[in-house]
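Asker: Using the hints, position chain B against chain A.
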Amino acid sequence: MMERKRKIESLGFDRMSFGYEWRKELLHDITLQIPLGKAWHVEGPSGHGQTTFLRVLGGLSTPTSGAMLINGENVTEMSFDEFLPYRLDLGYTFQSGGLLSNRTLAENMALPLLYHKLCSPEEAEAKIRAYAERFGFLNMVDQRPAFVSAGLRKLVSVLRTLMFEPSFLVMDDPFSGFDQQTAQALVKYLREIWEDGFVKTMVFTTADNTYVSEFQASILRVENGKAYLEEKAAA
Amino acid sequence: MSFLLRQADHVGARVFDFFAYVRTLFFMVYLSLRSGLLEQTQGMRQVVSVISAQIYFTGWQGLPLISILALATGGIAIIQSSTQLSLLGGSSMVGNILVLVIVREVGPLLTALMVIARSGTAVASELGTMRVNREIEALEIMGIQPLSYIVFPRLVGGVISVVCLSFYFNLVALLGGFFVSKALHGMQLSFYFESLANAFAVEDVWLFLVKSVFSGLIIFVLGCYQGMSVQHSSHEVPQVTARAVVHSIFAVTGFNLIVSLLSYLNQLVRLGII
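In order, the protein sequences belong to chains A and B.
Heads up: the first sequence begins at 1 in the numbering used here, then just goes up one per residue.
Heads up: the second sequence begins at 1 in the numbering used here, then just goes up one per residue.
Okay, chain A solo, but in the shape it has when bound (with noise of 0.2 Å):
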């Protein structure tokens, strides 16, 4: 499955608009290339798609009109199987929810592994294993969602996702509803995949300044229906 991914060397918008029923055009009319290999906070006035902006960047809400464009491809048009090989590579973690209720916090990790054949299960246990201990939940691993801690379910929800090892992160809000030592072992796991190179690119919204300080990040700010750069590392 690994060499199905397929690996994303430029991300942009080319005249992108998105808007939902009883809101038209929330975005409107976006051009911007996003440049890789950096960390990007998504900052703006609240209400004006910040979420929805990065629900269209991860490939999960389709732009009404212009063109999403990887590699150069408009990945608008294309089919699920299709997309996939840059879906493989594209990771989105939610701001809530997202884990499969009758599964599991082990088999939900698990799912996109085994499902995708990127390791044997004896291998994805393993795996499950070493995150469950260095996060402290290895005594949790055989729970279902609904009987443990939002705050873990979020935390699962989103180590899932980095399992994957996507080049290209969108993170909706990642590091709330944590205790004040979840999260900092959060930013300390990203902090190290960020430093090896498999995650590239972050593209993340938070209430908290002091985690974009800790990944440098420039602002990307959405605001009345627009999407720009500003290069300048945020305070």
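Treat the hints as calculated values from the structure; they're not laboratory data.
Just so it is clear, the structure is predicted and the values come from calculations on it, not from any experiment.
Fair warning: there could be bad hints in the mix.
[Stated by the list, open to error] Simulated coverage check for chain A against chain B, where a stretch passes if three residues somewhere in it have a Cβ under 8 Å from a Cβ of chain B:
1. 58-67
2. 75-85
3. 109-118
Idealized CB from N, CA, C, for every residue including glycine.
Answerer: Chain B alone, transformed into the frame defined by chain A:
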């Protein structure tokens, strides 16, 4: 005049909506079968585990209820028919009555209605809740096609379960019928089975299979479609569940009626009546 035009417009729009709905359901079946069978290069083991879970829930866990229902139905059918037949001196026709009533009609229909009540509702509400909790979107971001991981296994597991449950229903109902016959009229096992064997025709097997397979398909397509149609909020879940039940009952009874009607007309043609 304008009132009539408005009414005609309204009816026409409803008819177009209905055909668009049916077309969407066919399209969903086609896409899920295609993604499940043809494009399923990954994760077949995972899909098989979902199919097994569906068979366990719909088929295995439905057995106690089906057993009671089948025994009662077989018993009632035989009490009513044998009383009338013995008055007319036609006890040997008991097999024909049972095959006509149980195997052809009541077995597949009652099984389907029971599956709608237990599993159609469960599938619609489960998928609706999965939509609200972003579980379907989570599958997409993991590169797992929801049609092949969510819909396809439920269709396959559901159809297998309905066919097996219908077969089991018939078996138990016919056995129940025998015990009642034995208790009421002291009917011998050999006579009972001979009567049944003489009544069975290949057409009965076909009718049974067509009704069971398509009833299963209808129930689970509607359950999946309604569940997947939830957009944003949990208050939509009970609404789509109720819709799935109502649509399934209409569709399954309508389908069974049409198949029985066609079979009846076919018999009339064969007998040269029409």
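Asker: Are the hints correct? Go through all of them and say.
Answerer: Verification of the supplied hints:
Residues of the segment 58-67 of chain A with a Cβ under 8 Å from some Cβ of chain B number 3, which satisfies the need for three, so the listed coverage holds. With a cut-off of 8 Å between beta carbons, the segment 75-85 of chain A has 3 residues touching chain B; three or more are needed, and the interface restraint holds. Under the rule that three or more residues need a Cβ within less than 8 Å of chain B, the assignment of the segment 109-118 of chain A holds, with 6 such residues.
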